[in-house]
Each structure stands twice: as structure tokens, then as C-alpha cells.
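**Student:** First residue of the sequence shown: 135, per this note's numbering; consecutive thereafter.
Because the hints were derived from the structure by calculation, they are not lab data. Among the hints, a few may not be true.
[Unchecked claim] Using 30 Å as the maximum straight-line C-alpha spacing, the simulated DSBU-like pairs for lysine-lysine come out as follows:
no.	residue 1	residue 2
1	178	149
2	194	149
3	178	217
4	149	286
5	200	178
6	275	149
7	208	194
8	287	330
9	308	287
10	217	149
11	179	206
12	194	179
13	308	330
14	178	194
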Amino acid sequence: MFSKLKKWIQLRNLKDERYRFLFDEYFSNELVAFDCETTGLDPKKDEIISLAAVKIRDNKILTSEKLQLFVKPKGEINIDSIKIHHIRACDVSNGITSEEAALRFLDFLGNRPLVGYYLEFDVALINRIIHPLLGITLPQKMIEVSAIYYDKKIGLIPEGHVDLRLRSILRDLKLPELTQHDALGDAITSALIYLKLTQNQKI
Numbered sequence: 135m136f137s138k139l140k141k142w143i144q145l146r147n148l149k150d151e152r153y154r155f156l157f158d159e160y161f162s163n164e165l166v167a168f169d170c171e172t173t174g175l176d177p178k179k180d181e182i183i184s185l186a187a188v189k190i191r192d193n194k195i196l197t198s199e200k201l202q203l204f205v206k207p208k209g210e211i212n213i214d215s216i217k218i219h220h221i222r223a224c225d226v227s228n229g230i231t232s233e234e235a236a237l238r239f240l241d242f243l244g245n246r247p248l249v250g251y252y253l254e255f256d257v258a259l260i261n262r263i264i265h266p267l268l269g270i271t272l273p274q275k276m277i278e279v280s281a282i283y284y285d286k287k288i289g290l291i292p293e294g295h296v297d298l299r300l301r302s303i304l305r306d307l308k309l310p311e312l313t314q315h316d317a318l319g320d321a322i323t324s325a326l327i328y329l330k331l332t333q334n335q336k337i
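Could you build the full structure based on these sequences and the hints that come with them?
**Tutor:** As C-alpha cells, then:
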């Protein structure tokens with residue numbers, strides 16, 4: 135009931151009917167894994183500088199159907215963030231605007247559920263862009279891979295502590311470590327974790 139009410143309110147607030155497709159009923163088996171690199175770690179003020187997404191269909195990661203965008207921020211990139219993702223201001227000086235990036239992402243996403251690692255942060259940044267533009271926030275179902283991993287592991291660990299660091303999860307699931315803190319690499323990594331955790335394999 136609450137989800138239906140929330141959807142109704144969102145649709146009422148939608149400023150651009152071209153994006154009504156975001157609210158269409160979902161009948162597909164496709165999902166979208168995505169990730170962002172940012173100017174810093176504060177979702178209330180920092181900006182996206184790189185965004186990537188990749189489709190998942192029939193338990194396959196479709197690297198041929200991907201989106202990879204570089205965004206020119208309005209403000210400066212935090213030096214501590216540069217040390218992590220190695221993206222400097224000069225690397226995104228020819229990037230598109232955050233508004234264009236967000237709308238292109240929505241066109242790519244459609245009404246598919248979102249998959250990611252610590253999605254809440256990335257979704258907050260996207261919502262901060264699209265809310266002024268469209269009057270809505272992302273209505274998609276969110277699938278947090280660290281939550282799936284936690285649910286599968288907590289009963290197996292007597293002390294009740296589950297290491298949710300990305301590197302630890304990858305090591306435990308025997309998955310390859312792709313280039314971390316690269317938006318496309320991290321999106322693919324989230325997709326790999328999702329598939330490993332949802333294909334009824336023992337972990």
C-alpha cells in the first residue's frame with residue numbers, strides 16, 4: 135500500500151511526461167548495475183564525475199550494452215578523492231554536465247531494477263540531480279549486493295560479524311578484483327557479486 139501511494143505521489147510530481155516510462159510495470163528479466171565516482175564523500179554537496187552502468191540479462195553481464203560517462207563538476211575535486219579514483223579536473227574538463235549525464239542514465243536504465251554496492255550513496259547523488267529537473271527521485275527497486283551477502287553469511291558466522299568490505303567479499307566469493315574505483319569496473323564487479331549470490335551457489 136505504501137509503495138503504491140509513493141508511486142502515485144511521484145507520478146503526480148513528474149514534470150516531464152517523457153520520463154513516465156520509469157514507472158512502468160516491470161516484467162523483464164533485465165537489471166542494471168551501476169556505480170559513480172565523485173568529487174568527495176558527502177552526498178549532500180559532492181558531485182558525480184564519472185558514471186557507468188551495465189545491463190544484466192539471463193544471468194549474463196552484457197558488457198556490450200553499457201553506459202560510461204564523464205562529467206565536468208561545477209566545483210573542485212577533493213584531493214583525497216583523487217588519491218582513490220585518480221580522476222583529476224583536467225581528465226573531466228571536456229565532460230558533459232551532471233544534468234545531461236543523469237538524463238542519459240535514466241534513458242539507459244528504463245524501469246529496470248538497480249544493482250550496486252552501497253547503492254544508497256550513488257542513488258542520493260543521482261536523486262539530487264533529477265529531483266529539480268523532473269520533480270521525482272528514482273522509483274526503481276534497489277538491490278544492494280552487500281545486503282544479500284550479509285543475509286547469506288550471518289547465520290554461518292558464530293560471532294555475528296560479517297566483513298562487508300568489497301575486497302573481502304570478492305575474496306570470499308572467489309571473484310576477480312577488477313580495477314577498483316573505476317565506475318565501469320565497479321559496476322561490473324557489483325554485477326558479478328549479484329550473479330554469484332543469486333545463482334544458488336554455496337558460498
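**Student:** Between residue 308 and residue 287, is the straight-line Cα distance small enough, at 30 Å or below?
**Tutor:** With Cα atoms ~15 Å apart, residue 308 and residue 287 stay inside 30 Å; holds.
**Student:** Decide if the proposed pair is consistent with the structure: residue 178 and residue 217, CA atoms, cutoff 30 Å inclusive.
**Tutor:** 21 Å, holds
**Student:** So if I understand the rule, the pair passes when the alpha-carbon distance is 30 Å or less; does residue 179 with residue 206 pass?
**Tutor:** 15 Å, holds
**Student:** Check whether the Cα positions of residue 178 and residue 149 lie no farther apart than 30 Å.
**Tutor:** Between residue 178 and residue 149 the Cα gap is close to 23 Å, so the pair holds against 30 Å.
**Student:** Would the hint linking residue 308 and residue 330 be met if the CA-CA limit is 30 Å?
**Tutor:** Satisfied, since the Cα-Cα distance of roughly 9 Å is no more than 30 Å.
**Student:** Measure nothing beyond the straight line between the CA atoms of residue 217 and residue 149; if it is 30 Å or shorter, mark the hint as holding.
**Tutor:** 39 Å, violated
**Student:** Are the Cα positions of residue 275 and residue 149 separated by 30 Å at most?
**Tutor:** It holds: about 21 Å lies between the C-alpha atoms, which stays within 30 Å.
**Student:** Under the criterion that the straight-line Cα-Cα distance not exceed 30 Å, is the pair residue 200, residue 178 satisfied?
**Tutor:** With a Cα-Cα distance of about 27 Å, the restraint between residue 200 and residue 178 holds, given a limit of 30 Å.
**Student:** Holds or violated: residue 208 and residue 194, Cα atoms, limit 30 Å.
**Tutor:** Measuring from Cα to Cα gives roughly 37 Å; hence the hint is violated.
**Student:** Is the straight-line distance between the alpha-carbon of residue 287 and that of residue 330 30 Å or less?
**Tutor:** 13 Å, holds
**Student:** Just to be careful, I want the Cα atoms of residue 194 and residue 149 compared with a cutoff of 30 Å; is the pair within it?
**Tutor:** 35 Å, violated
**Student:** Check the hint pairing residue 194 with residue 179 against an upper bound of 30 Å on the C-alpha distance.
**Tutor:** Violated, at roughly 35 Å.
Violated hints, listed in ascending order, are 2, 4, 7, 10, 12, 14; each of the other numbered hints is respected by the structure.
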